[in-house]
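Asker: My request is simple: use the sequences and hints to build the entire structure.
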Amino acid sequence: MYTENKTSFPDLSETAWDIIVIGAGNAGICAAITAAEAGCSVLVIEAAPKDMRGGNTRHTRNLRAMHDEPTDILTDAYSFEEYFDDLMRVTKGVTNKELAELTLRKSSELTGWLTDRGVRFQPALSGTLNLGRTNAFFLGGGRALLNSLCHHAEKIGIIISYQTPVTELIIEDGFCTAVKLENGQSVSAKNVITTAGGFEANLDWLAEGWGDSAKNFLVRGTPYNKGIILRSLLDGGAQSVGELDQCHAVAIDARAPKYDGGIASRIDGVPFSMVVNKHAERFYDEGEDFWPKRYAIWGRLVAGQPDQIAYSLLDSTGVDRFMPSVFTPIIDDTIEGLADRLGLDPVATRKAVDDFNAACPDGPIDQSILDNKATSGLSPEKTNWAAPIANPPFYGFPLRPGITFTYMGVEVNDRAQILMQDGKPMANLFASGEIMAGNILGQGYLAGIGMTIGAVFGLIAGAEAARTLNSTAQENKQ
Amino acid sequence: MRLVDIAEADAHEETRRIMQICNACRYCEGFCAVFPAMERRRTFTEGDTAYLANLCHNCGACYHACQYAPPHEFGVNVPQTLSERRVETYADYAWPPVMSQAFQKNGFLTTLIVSLVLGLCVAGMLILISPHLFWGIHLGEGAFYTLVPHTVMAGIPLIISAFVLVSFVMGWRGYWHHTGAKWGGMASLLDAMSASASLRNLGGNNAGTNEGCPGPDDRPANARKYYHHLTFYGFMLCFASTSTGTIYHYLLGREAPYGYFSLPVLLGTVGGVILCIGTAGLWYEKQRMDERVKSLKTLGMDYAFIGILFAVSFTGLLLLGVRETSFMGLTLAIHLGFVYGFFLILPFSKFVHGIYRFAALLADANERKQS
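Chains as they are written, first to last, in this note's numbering: chain A, 115 to 592; chain B, 6 to 376.
No lab work stands behind these hints: they were computed from the structure.
It is possible that part of the hints are untrue.
Claimed, not checked - Calculated lysine-lysine pairs in the BS3-like style (CA-CA distance at most 27 Å, straight line):
1. B:Lys-299 x A:Lys-164
2. A:Lys-487 x A:Lys-465
3. B:Lys-291 x A:Lys-269
4. B:Lys-291 x A:Lys-164
5. A:Lys-164 x A:Lys-294
Unchecked claim - Taking CB as the label site, the calculated pair distances span:
6. B:Arg-293 x A:Asp-480: 52 to 62 Å
7. B:Glu-296 x A:Lys-269: 20 to 30 Å
8. B:Glu-296 x A:Asp-199: 47 to 57 Å
9. B:Arg-46 x A:Ser-482: 17 to 27 Å
10. A:Glu-195 x B:Gln-375: 40 to 50 Å
Where is the CB? At the ideal position from N, CA and C, for every residue including glycine.
Answerer: Okay, structure coming up:
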């Protein structure tokens, strides 16, 4: 966790806020701006210091947006039908179709809405992951998006209080009467919008779904998502959605930081390598499909191996086939030497590599296609890009499961209201972002959809929270 | 895990460490030329880091956008690190090589040299010129030369300029060879000239939308770019003024001071005013800049150079104002002192950023064409 000298807080509890937003990420600030633009007084409370604000938004880069024709930031077209098919494919149908349709349709408004509030996008690009058609890239990434949004929010009078962790929501019969802060204060508002993320940084909670192996997970995402708000909501009677052990887990460099490693901890070399566990045994087809389609299953695969560790082994030909990694690979001139450096048994590793090399087909591989250069006689086989690990020096990357975010959250309706276990909406509690993304993304992953869900439901939550207040005010007048 | 302990790393090593992180992230590739240039490499030699450092315009956009900036344990600070690497390269390519030392405590040294030259100039003229001439009122053509013969007044900077030119050429050569830069033909030259003239890398967006780079409140702003434009174009106008003056002197046989509405004086006046505003603005912007983006190791050099440039243009305007009074002699001495001092420190001052920046832009233009 990051520590900074705590500044003295103004007494937030003295003000009667219309709306409190918990969490200053994409979802929270979108909700806050929408509510403030509708005339509400809005307080945003954020656990992190300003430099680390915004949860996992810091680590994002784009959002996935439906569009019928090319725009200056998106190429070609991405129809509702295609988007919906993509979502169905990755979630295998584990989604609330009504909310999914709402999200996808409303995603077409997002780039315009954000641009009008100071967010800058990159022009349609053909670079990373070839997502220029489906995804709009923030110029400078998620932190830059957040800088623009927070600046706009403060300009229109929204108060953002940093380093203000919440300990508990006081909920009585679905009505949030107070938000307890770690500094001892208690704040309250007519409506509360929760956008405080999941619980990926809470290893004890992860262990409830994963057992002891969770202690060996690295958390790629923010260290601030400890699930305090989610726990409070569930304890207060909210209906949960999504499975406890569902999370976005990729294989990352084992030398990455315990928390907050983000995108740079990624390893792209798996398809051009052989991957072994700590006993120098292969355990999965490294060449099953293109890496962008497979990287999100490898966290789970490594998590299933003894001590939750694996090693990607390459030779000097293979190592140039993918994006450079943030950590310099471990290098040696011999397989035995490399095994020794990695902490693998040299004899067993030598044999595994020899067996692998003997099973490889002849001829060069073609990484631009699924080239069907498959091994024969191994279990499991490597079905594409199988090439012997023969040209020294040899390279190794240690791999660990890296958790980006969790899926279990609270159930919401199409007005972003949190639902109780009896199916009725809570009186004054709304949700957006990772804390409710599981309604739409029940499992699997589609690049950039997290930001889309956060922004769409942020706009809905902000508008609905403001609308209920305004209609109450209208009624009182009459 | 720290890849390298920052405190012990030299600027090249720290640049290499950071570029390895940036190259695995690449979120900043839309801001300026530095990141696409980085993406064309997998490893970073000393020549590579020298090239990237000189391509950087130190705007800070990437710092404010960086998910790995302090307090993150990766501690990525691209603008500050590249500033420090940049001043290392100024020292590496300085000619004569002994002058590498000049980039240690550069602010102090350049200020000292200019002060000494200023002192020498004023004292020399006070001693050598009889008081009734020095404090007299001189009007009309040749007025300046009643105090200092033209041969001396123009000869001194001519000799200094010859040395400065050799020093620049040798510095360029050193840079060009060390970074492995390649000449990309006229198209690259034109592209680099356009990048320099427009400062498009301070536009904050490779798409050319030109919203600007983060100002003190990390919102896009163009103030620093515009002040640099004023400084650069003001300087060029002053240069044009001197050149036309030289033509007047030798080809037309007319001697300074020239009339207020003559070409050399018009160019010099407009240029001087613009240069004063530009340098004052750059000073102001430098002060306002986010502390975390600035490098303490280069601030002295930056302020000293901006200050001296301001003094040169301001005393020039002052001379124009008092040239028909008895303060002409003293003001001329002060102005000449600043001008001579300024010329003398050119190759060992912030001025060289223009040389290496242009070389980097030239190499970049060629690389982009190739890729």
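Asker: Could you see if the CB distance from B:Glu-296 to A:Lys-269 stays within 20 to 30 Å?
Answerer: 23 Å, holds
Asker: For the pair we were handed, A:Lys-164 and A:Lys-294, check the Cα-Cα distance against 27 Å.
Answerer: OK: A:Lys-164 and A:Lys-294 at ~20 Å, within 27 Å.
Asker: Are the Cα atoms of B:Lys-299 and A:Lys-164 separated by 27 Å or less?
Answerer: Measuring from Cα to Cα gives roughly 20 Å; hence the hint holds.
Asker: Are the Cα positions of B:Lys-291 and A:Lys-269 separated by 27 Å at most?
Answerer: 25 Å, holds
Asker: Return holds or violated for the Cβ distance of B:Glu-296 and A:Asp-199 against the range 47 to 57 Å.
Answerer: Because 50 Å falls inside the window, the suggested range holds.
Asker: The hint says 40 to 50 Å between A:Glu-195 and B:Gln-375; measuring C-beta to C-beta, is that right?
Answerer: Distance hint for A:Glu-195, B:Gln-375 holds at roughly 41 Å.
Asker: Taking the Cβ atom of B:Arg-46 and the Cβ atom of A:Ser-482, is their distance within the range 17 to 27 Å?
Answerer: Because 22 Å falls inside the window, the suggested range holds.
Asker: Regarding the pair A:Lys-487 and A:Lys-465, is the alpha-carbon distance no greater than 27 Å?
Answerer: 21 Å, holds
Asker: B:Lys-291 and A:Lys-164: Cα distance at most 27 Å?
Answerer: Holds, at about 23 Å.
Asker: A range of 52 to 62 Å was offered for this pair. Does it hold for the Cβ distance of B:Arg-293 and A:Asp-480?
Answerer: 54 Å, holds
The structure fails none of the hints (numbered hints given earlier).
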